[in-house]
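Trainee: Chains as they are written, first to last, in our numbering: chain H, 1 to 77; chain C, 1001 to 1907.
These are computed hints drawn from the structure, not numbers from a lab.
Hints may be right or wrong, so weigh each one.
[To be verified] If you only want the chain C side, here are some residues facing chain H, beta carbon under 7 angstroms, derived:
#1 L1245
#2 L1286
#3 E1287
[As the list claims (entries may be wrong)] Computed beta-carbon distance windows for the label pairs:
#4 L55(H) with F1488(C): 50 to 58 angstroms
#5 E1151(C) with R33(H): 31 to 39 angstroms
#6 G1524(C) with L36(H): 43 to 51 angstroms
#7 S1532(C) with R33(H): 17 to 25 angstroms
[Unchecked claim] Computed list of lysine to aspartate or glutamate pairs in EDC-like fashion (alpha-carbon distance at most 20 angstroms, straight line):
#8 K1089(C) with D5(H)
#9 K7(H) with E1287(C)
#10 K7(H) with D1284(C)
#11 K1089(C) with E1287(C)
#12 K7(H) with E1283(C)
#13 K1757(C) with D1738(C)
None of the values given here were measured: they were computed from a predicted structure.
All C-beta atoms, glycine included, are put in the ideal place defined by N, C-alpha and C.
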Amino acid sequence: MPGTDPKNRRLAALFYIALALFNYPILSLFNRRVLLWGLPLFYLYLFGLWAALILLMILAGRSKPQTMPFDRPGHTD
Amino acid sequence: MLDTGPILAVSFGYVVLLFAIAYYGDRRAVQGRSIISNPYIYALSLAVYCTAWTYYGSVGRAARAGASFLPIYIGPTLMAALGGVVLRKIIRVSKIHRITSIADFIASRYGKSTLLGGVVTVIAVLGIIPYISLQLKAISISYLMLQPYPEISTPIPFTEVPVLRDTAFYVALLLTLFAVLFGTRHLEATERHEGLVAAIAFESLVKLIAFLAVGIYVTYGMHDGFRDLIARAHALPELRSLFVLPDRPGIYGSWCISIFIAMAAVIFLPRQFQIAVVENVNEDHLERAVWLFPLYLLAINLFVLPVAIGGLLHFPAGSVDADTFVLTLPMAGHQVSLTLLVYIGGMSAATGMVIVETIALSTMICNDLVMPVLLRLPFLRLVERGDLSGLLLAIRRGGIVAVLLLSYAYFRFIGEFYELVSIGMVSFAAVAQFAPAILGGIFWKGGNRLGALCGLLLGFTAWAYTLVFPSLVQTGLLSADLILEGPFGISLLRPYQLFGLTGFDHIAHSVFWSLLFNTGAYIGVSVLTRTSTIEHTQAVLFVDVFRYSEEVDESPPPWRGTARIPDLTSLLRRFLGKDRAESALAAYADKHRLAWEGELTADAGLVNHAEKLLAGVIGSASARVMVSSVVKEEPLGIREVMHILDETRQVISYSRELEKATAELKSANERLKELDRLKDEFISTVTHELRTPLTSVRALAEILHENPNLTEARQREFTAIIIKETDRLTRLITQVLDIQKIESGKADWQTTTVDMKELIDDSVNATRQLLEEKKIRLIRDLPEESPTVEGDRDRLVQVMINLISNAVKFCPSEAGEIAIALEPTPDRVAVSVTDNGVGISPEHQALIFEKFRQVKGEETGRPQGSGLGLSITRHIIEHHGGTIRVDSAPGRGATFTFTLPLSDPSA
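For reference, chain H alone in the conformation it holds in the complex:
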């Protein structure tokens, strides 16, 4: 069942972590008019976190789910 599938649990964990990182108060740490490597710190943080999250989602979604109940005709990948 998807609720207990380890893949989904990893993704759910990612969700919670990301939720915390994208919000107050952690967010407020980066909300400064500061430049890092010539780029705004806030944007670096946000886009960097965003890219990292996507990457982690790709990795977390790697494994096949334990049960494969779907066997639809016309399944192309």
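Chain H is already provided as a structure; the job is to place chain C on it using the hints.
Mentor: Same frame as chain H, now just chain C:
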């Protein structure tokens, strides 16, 4: 100056291209070679989430308020992580129950309620029309800006452009045409539109490419890269504020809330639900879409800040609306093709949204608003009309036209007052009201119809009061006092500071209160009110959907009752059209290997399938109404509904096994108890039997002892009795020991050759006294030759004596007669003892050979003896390999016959 000509040509050309792609997509779908059945197309189609708001409005928001344009995209990224659980469940439920819209989903979950469906539809329409008008505004403005190319002038207010010269109007008409052609060509039970999805995916690609193009141009063409732009912005204090969030109270609250409602919007916006759920071809596509879509969002936001800075740097402050930077910057740089590309990109963004949104809304309007009303209007008697598919299509198309016209009207009258992003956020706040009902619906079985209804109504009212109502002030329809002082001067009811809550921007404030009332009412009312059977059923089917869909192909039918197949068929024909109805039924028959040529009654499975087919076309609530009109349904009680569900079927069969085992245990217990009772009876009988002679012996012995003067005759009499009684005692005890030995197999048997005639004579002699006492006549019927058997002589004598003494007991005295007969057969000898007593009734015949069983003697009420005699007899006979039986009828005496194998069968 770009002539109207080229612009229009480009615009129309683009739309024609879309038509072509959509047409091709549909063609391929019909051929079975779908071009959209892959995860990349699915992910791209999800990007219909990005509209003109993203395309134009993000830059505008960035220029005005820094990084606060981002939460709208972070929300969906976060939601993607949960996509596996939430979205997959919604998709699975929708596939199984043929759900084709948000209104249908909510209506279906809460007991197929038409009222809920209607409420959701109204909320959706009212909430989305501003959003659609936003797109029309974007198209209009972009066109107006483009016209004086390369001059950039503040456009004349578009409200002054007569309608018939307004591009937006024509675009709206074109979009209506597109939506009608590719969204409502025929009634599809699954409501999938492959051509449409192909066109949408294409548009997502175009807008991404266009935006990246202009972004690259501004960053590397007009400047020297990111760092250059940032450095320049950094040099200007007023531009540094773009690097961060605006510095005002409640900014983090707004950020947070924006993320949340964006998370809700990415699934619950009608167009998102349509694309993500209804148009989904294969659940597995989710796996990749889950990160592809966030990647798209990241890409399309990369250059927002650079373009905003570029625009602010280039144009003198306030001269050009920041919402148009995306277009005006390439114009300022005299890049014709890029400008046109950007223009096309903007059109993609706007038209994609409009098309899908109107189709989704029209489906809801038809299935969940208009049809339920029409079906209930008695004078229309729609139930009896022949073919309603034409009517349905007409309503759908009418819905599309109505929505677009209303949106255009909104755009003309109200649209000028607001920046793009604000309008969009108001719509987001509206669809966020669906979140409690839907999320609660798939994770909590306790949510019921009344709760959902109250939640939705309260949430919607709060939303309207805190966002829509005060915005009318700006249009001049209402006085500003309402905002400043509250209605009737009640300051606690000020729309923007409800109950005194300050420090939030309007959107956040509204979302907070509306969701608070919504969720509170949903949970509170659900918990406090009763839930009907159908709501329970749906709740289980939705929340536990993965359990049921893995075991059975179609979920177990909650219908009970029968319908006539002709009725069902005509019902389906009415709504699906003749061809579709017939092919659908044939497919079902094929799959389930049924032949209903001669059948008249439809089983529950077929009824349910028919309902689902109808639900795909007219919505689940109406489908239920229609099907129930032809089904004679027995009322469902909770118990019966539960019986039908698979889970309980297993429980029932298991409990039947338990019942069987219990029954067996019970009967075994009964037998044990009976045996126990018999044993107790036996013990009491035996002890009584033992005691009686003992008592006499004792009494007599006492008398003898006390009275030495007794006459000799008397003395002899008494001692004789004592001897007799002790004999009896001994006999009894011997018998008990005997049977115990025989039954436990510890008896020793002495086998010799026994002469039967001798045997009988000996036993007669032994019982002579008994016979003489009761004056019983003895008849012997013995053959000439005496057969012999191998056996234990003493035991066999015991058998004969037992039978004879039994016969004596039951013979009447004076008139009794006993006959002993010996009959040889080729390999056995049969001995029978017949008496002329009262006989034994058939019930007793079966019992008398059992231990402790006795039949009452003729003269005494109380049984004599121990009840063990016949039992021992039978054991002995059976040990010798023989049989014993009794023939008797009440009043006709009894004959006991036993057989034994001969010593020498040939004799």
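Trainee: Indicate, hint by hint, whether the structure satisfies it.
Mentor: Consistency of the hints with the structure:
no. : hint                                     : verdict
1   : L1245                                    : holds (6 angstroms)
2   : L1286                                    : violated (10 angstroms)
3   : E1287                                    : holds (6 angstroms)
4   : L55(H) with F1488(C): 50 to 58 angstroms : holds (56 angstroms)
5   : E1151(C) with R33(H): 31 to 39 angstroms : holds (35 angstroms)
6   : G1524(C) with L36(H): 43 to 51 angstroms : holds (49 angstroms)
7   : S1532(C) with R33(H): 17 to 25 angstroms : violated (59 angstroms)
8   : K1089(C) with D5(H)                      : holds (13 angstroms)
9   : K7(H) with E1287(C)                      : holds (10 angstroms)
10  : K7(H) with D1284(C)                      : holds (14 angstroms)
11  : K1089(C) with E1287(C)                   : holds (13 angstroms)
12  : K7(H) with E1283(C)                      : holds (15 angstroms)
13  : K1757(C) with D1738(C)                   : violated (25 angstroms)
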